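Top to bottom, those sequences are chains V and P. Heads up: the first sequence begins at 855 in the working numbering, then just goes up one per residue. Heads up: the second sequence begins at 855 in the working numbering, then just goes up one per residue.
FYI, nobody ran anything at the bench for these hints, they're computed from the structure. Note that this is a predicted model, so its numbers are computed, not measured. Among the hints, erroneous ones may be present.
For chains that are exact copies, the list does not tell them apart, and a pair is met inside one copy or across any two.
Listed next, the in silico DSS-like pairs over lysine-lysine satisfying Cα-Cα at most 30 Å (straight line) [said to hold, decoys possible]: (1) K979 / K1059; (2) K1059 / K1120; (3) K1120 / K1098; (4) K1069 / K1059; (5) K1059 / K986; (6) K982 / K1059; (7) K1098 / K1080; (8) K986 / K1120; (9) K979 / K1120; (10) K1080 / K1069; (11) K1068 / K1080; (12) K1098 / K1059; (13) K986 / K1080.
There are 2 protein chains.
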Amino acid sequence: MSNDYVHGYDPREAVRLQDQATTLVQLLHSDTVYPPARNVLEAGCGVGAQTVTLARNSPGALITSIDVSETSIAQARRAVQAAGFTNVTLQQADIFDLPFEPESFDHVFLCFVLEHLARPAEALKSLKRVLKRGGSMTVIEGDHGSTYFHPDSEYAQRAIRCLVELQASAGGNALIGRALYPLLRDTGFDDVRVSPRMVYVDSSKPDLVEGFTKKTFTAMVEGVRKPAIENGLTSEPDFDRGIKDLYRTTEIDGVFCYTFFKAVGKRV
Amino acid sequence: MSNDYVHGYDPREAVRLQDQATTLVQLLHSDTVYPPARNVLEAGCGVGAQTVTLARNSPGALITSIDVSETSIAQARRAVQAAGFTNVTLQQADIFDLPFEPESFDHVFLCFVLEHLARPAEALKSLKRVLKRGGSMTVIEGDHGSTYFHPDSEYAQRAIRCLVELQASAGGNALIGRALYPLLRDTGFDDVRVSPRMVYVDSSKPDLVEGFTKKTFTAMVEGVRKPAIENGLTSEPDFDRGIKDLYRTTEIDGVFCYTFFKAVGKRV
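Pulled out of the complex, with its shape left as it was, chain V reads as follows:
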């Protein structure tokens, strides 16, 4: 599965994920706080970008973070150690074949994971099995179809679509954010609440212009330049024009919009 991860595993990508988490921490994570002594499973922790935030916001919780990639787990371990947290256990494990007893965890947390899986509903069912009754499932996902900007650009929209199509051909779904409500509901979670987390960026917010529009979103689209061209989804000039137009939205009269979705459900 690790080869299908659309963003790849190179060091620059790891930096981008860290940049992303740092910029969006408040927006996405500030309302996720687990009580002391509770067992929390973070599934698909990747390089630990969100793990550090989880550990910081819930210093008394006992966090187990897993990822299918041994390389990512090693990076996540270094990130957690560098941040000085001792309440995180890191472990290589597959969401579809979890090495835990049923009802082992009080809470389960997933961030930017389901979008990469061909069978997100089965992943949720597998995770539900290790979640205690009455425990919570929290899922955060983006939705690339929520992207729009000023000045508008067909080239930029097409460059984004390359990423959506590559993710789809790897079995994922870059438009999964809008579908979290039915996904949690259909996998048997109760009292499902979804809240959108819209990132609105104009030049009055220079930190978001740099940290989100440029370093997170446009860098992510730029990251698929090679596979997008190699797979015939676009031409070099068209893709480069799209990237140029995305950067154009970061100028003084530009605007950029993107929405993440956060869902919380309960296991009954």
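Chain P: place on chain V using the hints.
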């Protein structure tokens, strides 16, 4: 100009605008409160859907509401009288030829107006002239390009695009919400702050399913069926399939997203 107003002036449309305002009142208007004895100009009040909310939220303010259409002003007058407000003066007037002295108003308020104008920047400049120095300009607009939903549907997206194209050929811009920041900035307003007001609807929110997705948004798209077909923008079966797919998003596993933008700037 009144013939170009894309939604038309029929009674059903007036009801839809009222439905819309009632459902979205909190989201769009709760943070607009003008102090007692201040002179407020509401430009392009239409049938008075927002006028009543303005008068309710700022009972001590002296509100002057204008519209280019004498018919709309008459309807707005009835709406204001029916609601029992006495702090509103209604008057037929053209935004581009305002019958007021320079710096007559402490505040100016505009809601769902600029999207219908061919020269929104000139409208803002004209309104700025009658606004006192230090006074505020508040603008609320939608953005039909912010619409996405689950299940996704190319037909539904194309039906929405018919409305966008009809509005464009009437000289308007249905994607203006995202551009409010540069628009206010470029017309010389200071300290411009834009906040998105996203409407997220799933079946856990039955009031929004009815009041927004069905009665406001889908009804608005349905309203352009005839001109869209007559102008060759779509075929009957395609458009009807699009509307059916929009209603599909109101079922138990459906999700619907739309974003309004609210901008506030200061005249220096």
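Worksheet item: Against which earlier hints does the structure fall short, listed by number upward?
Response: Per hint list: 3, 13 violated.
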